[in-house]
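Chains as they are written, first to last, in the numbering used here: chain A, 6 to 313; chain B, 6 to 313.
Check the hints yourself; a few may be wrong.
Chain B stretches covered by chain A per the calculated footprint, using a threshold of three residues with CB under 8 Å from any CB of chain A [as the list claims (entries may be wrong)]: (1) 34 to 46; (2) 50 to 63; (3) 218 to 226; (4) 241 to 247.
Here are some of the chain B residues that sit facing chain A, going by a computed Cβ distance under 10 Å [to be verified]: (5) 173; (6) 259; (7) 272; (8) 293; (9) 310; (10) 313.
Which chain B residues stay away from chain A? Per the calculated CB distances, all over 10 Å, these [as the list claims (entries may be wrong)]: (11) 18; (12) 78; (13) 115; (14) 116; (15) 135; (16) 198; (17) 199; (18) 213; (19) 231; (20) 233; (21) 252; (22) 256; (23) 264; (24) 266.
Hints in this document: simulated from the structure, not taken from any laboratory.
Quick caveat: nothing in here was measured; it's all calculated off a predicted structure.
Every residue gets a Cβ at the ideal spot worked out from N, C-alpha and C, and that includes glycine.
Protein chains: 2
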Amino acid sequence: MNDLVEKARAGNARAVARLISLVESGSDNELREAAKLLKAPGRARVVGLTGSPGVGKSTTTAALVKALRARGDRVGVLAVDPSSPFTGGALLGDRVRMQDHALDDGVFIRSMATRGHLGGLSWAVPQALRVLDAAGFDVVLVETVGVGQAEVDVRALADTTVVLLAPGMGDGVQAAKAGILEIADVFVVNKADRDGAQSTVRDLRNMISLGGAAWRPPVVPTVAVRDEGIGDLVKALDDHARHLSETGEGRARRLARARDEITAVALRALRDRFGDPASDLRLYRLAQDVLDGLADPYTAADNVIAEL
Amino acid sequence: MNDLVEKARAGNARAVARLISLVESGSDNELREAAKLLKAPGRARVVGLTGSPGVGKSTTTAALVKALRARGDRVGVLAVDPSSPFTGGALLGDRVRMQDHALDDGVFIRSMATRGHLGGLSWAVPQALRVLDAAGFDVVLVETVGVGQAEVDVRALADTTVVLLAPGMGDGVQAAKAGILEIADVFVVNKADRDGAQSTVRDLRNMISLGGAAWRPPVVPTVAVRDEGIGDLVKALDDHARHLSETGEGRARRLARARDEITAVALRALRDRFGDPASDLRLYRLAQDVLDGLADPYTAADNVIAEL
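So here's chain A without its partners, still in its complex pose (with noise of 0.2 Å):
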């Protein structure tokens, strides 16, 4: 475990899949001493990109992967797919539409999925987002499907937060006003070459020059396919990464995923103890009552919480 940890925090690729794999498989034991072992400096910025299936997410986060490591910085990209119990896995899409990376060792890419228990990728992200920090990556781009249809909360998790969008949804634009002002750092409209764009981009400015918030989101036309206004989006993100640090921000927003971590990691090793054979037993015995109509399941788990 030391040397794997050594390695990766070298930047081996292999050792920090295998450190992310163990993440998610969650052999608890081997966590607990990797966790220990990785210093993560909290270097990382960390990008989540979001939005609806066909917006283009994928293209644009390897546009973006292509613009960011041109300067050099070292990237990680973590895809995080919708659990399908029906494929069992992430579709590897987005690997295709990566491949002109697949040889470079600035470039991380990796796709998880899970599928869909309790403290499943809620809890396996952030510590794969930790193995990337500890790795000695700059940025990290989180890609998940639309907000609210993703197990995980990539606000939560991120400290830049892109929301993606394509011309023609303007209703969708409309009907989202109020939750999607909140959500969003940065925006794209993506396909930006597409009729409708500009009205799109016009209705989003419009409406964020509605609030009053110490940041306003840009608005960034893309045309990823083509890698046109990556060089405005990179910019974006560097503003708003400024913003972060000289506003406290960014620190604030650290410590509530830090405190949201510590919470999962608890209530996963609390879940844990329900499942040794002891608690089990017990848990059957009180299931059996609940059925009988002996106890409610309030009254149960208290008694299962008293035992712990």
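Based on the hints, put chain B in the right spot on chain A.
What follows is chain B alone, placed relative to chain A:
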């Protein structure tokens, strides 16, 4: 509260609705009181209906309600929508389709939605089932979007799980072979008047015949919009209920369900404790330590648990 529970047990729809709202909003003390007062006899059969968008879940649910009402069953419907922070709640299209039953007090229909918080729907739905059971419903239909896309695992909730398919999704069936056979107690091929329906039915039956389980899921072709095949579906549900009862499988499933519920209630109670002011301050300090590299999340979590 006594009065409310009394009325719900007498089948008063407004009282049932208020109790379910209470369950959704989750004010803890009231909830405990209600749970203790509610005697859930475990008489209600819980039937989960799941399938991709567009296969006709809501139409089939509405047709089932009609058929079950015709023989005198009291029927509850819980429509469990995926969380949507953009809309802030469930789309109530299903209610519109259900308006035939709006004046029938033998039918209770409810859309449930949440914003995806830990323990949200996965915690509220079992409680709502208890309310409906206590209120004397004979059957409760739980309609969810495709397995794995929903926050709620319908298999873990239902006595009988119905998987709906529609013709022209043959490739999906092929791809999904492994998973789909495990999930379904009954298959419905809806829109059976369309091209390809017969081959979908045939493919499914061939797949099922390979299995060696005690229960072979029947495949029921329906055209729900015209009530065709719904009688066969009711029969298939009854057959499965008999199988559950005769083999003891029903009791085993309900035991597992009760156990999950107790665990969920216990975890929720523990999580709530993290939110009290003293714990909150402690978590905040631990989060600072994690951020400053003085502790890892595991050690911090151990600390939290020790203080509980």
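Hints, one by one, checked against the model:
no.: 1; hint: 34 to 46; result: holds (count 8)
no.: 2; hint: 50 to 63; result: violated (count 0)
no.: 3; hint: 218 to 226; result: violated (count 0)
no.: 4; hint: 241 to 247; result: violated (count 0)
no.: 5; hint: 173; result: violated, 17 Å
no.: 6; hint: 259; result: holds, 6 Å
no.: 7; hint: 272; result: holds, 6 Å
no.: 8; hint: 293; result: holds, 7 Å
no.: 9; hint: 310; result: holds, 5 Å
no.: 10; hint: 313; result: holds, 8 Å
no.: 11; hint: 18; result: holds, 23 Å
no.: 12; hint: 78; result: holds, 22 Å
no.: 13; hint: 115; result: holds, 20 Å
no.: 14; hint: 116; result: holds, 16 Å
no.: 15; hint: 135; result: violated, 8 Å
no.: 16; hint: 198; result: holds, 26 Å
no.: 17; hint: 199; result: holds, 22 Å
no.: 18; hint: 213; result: holds, 17 Å
no.: 19; hint: 231; result: holds, 29 Å
no.: 20; hint: 233; result: holds, 27 Å
no.: 21; hint: 252; result: holds, 17 Å
no.: 22; hint: 256; result: violated, 8 Å
no.: 23; hint: 264; result: violated, 4 Å
no.: 24; hint: 266; result: violated, 5 Å
Checked against the numbered hints given earlier, the structure breaks hints 2, 3, 4, 5, 15, 22, 23, 24 and satisfies all the rest.
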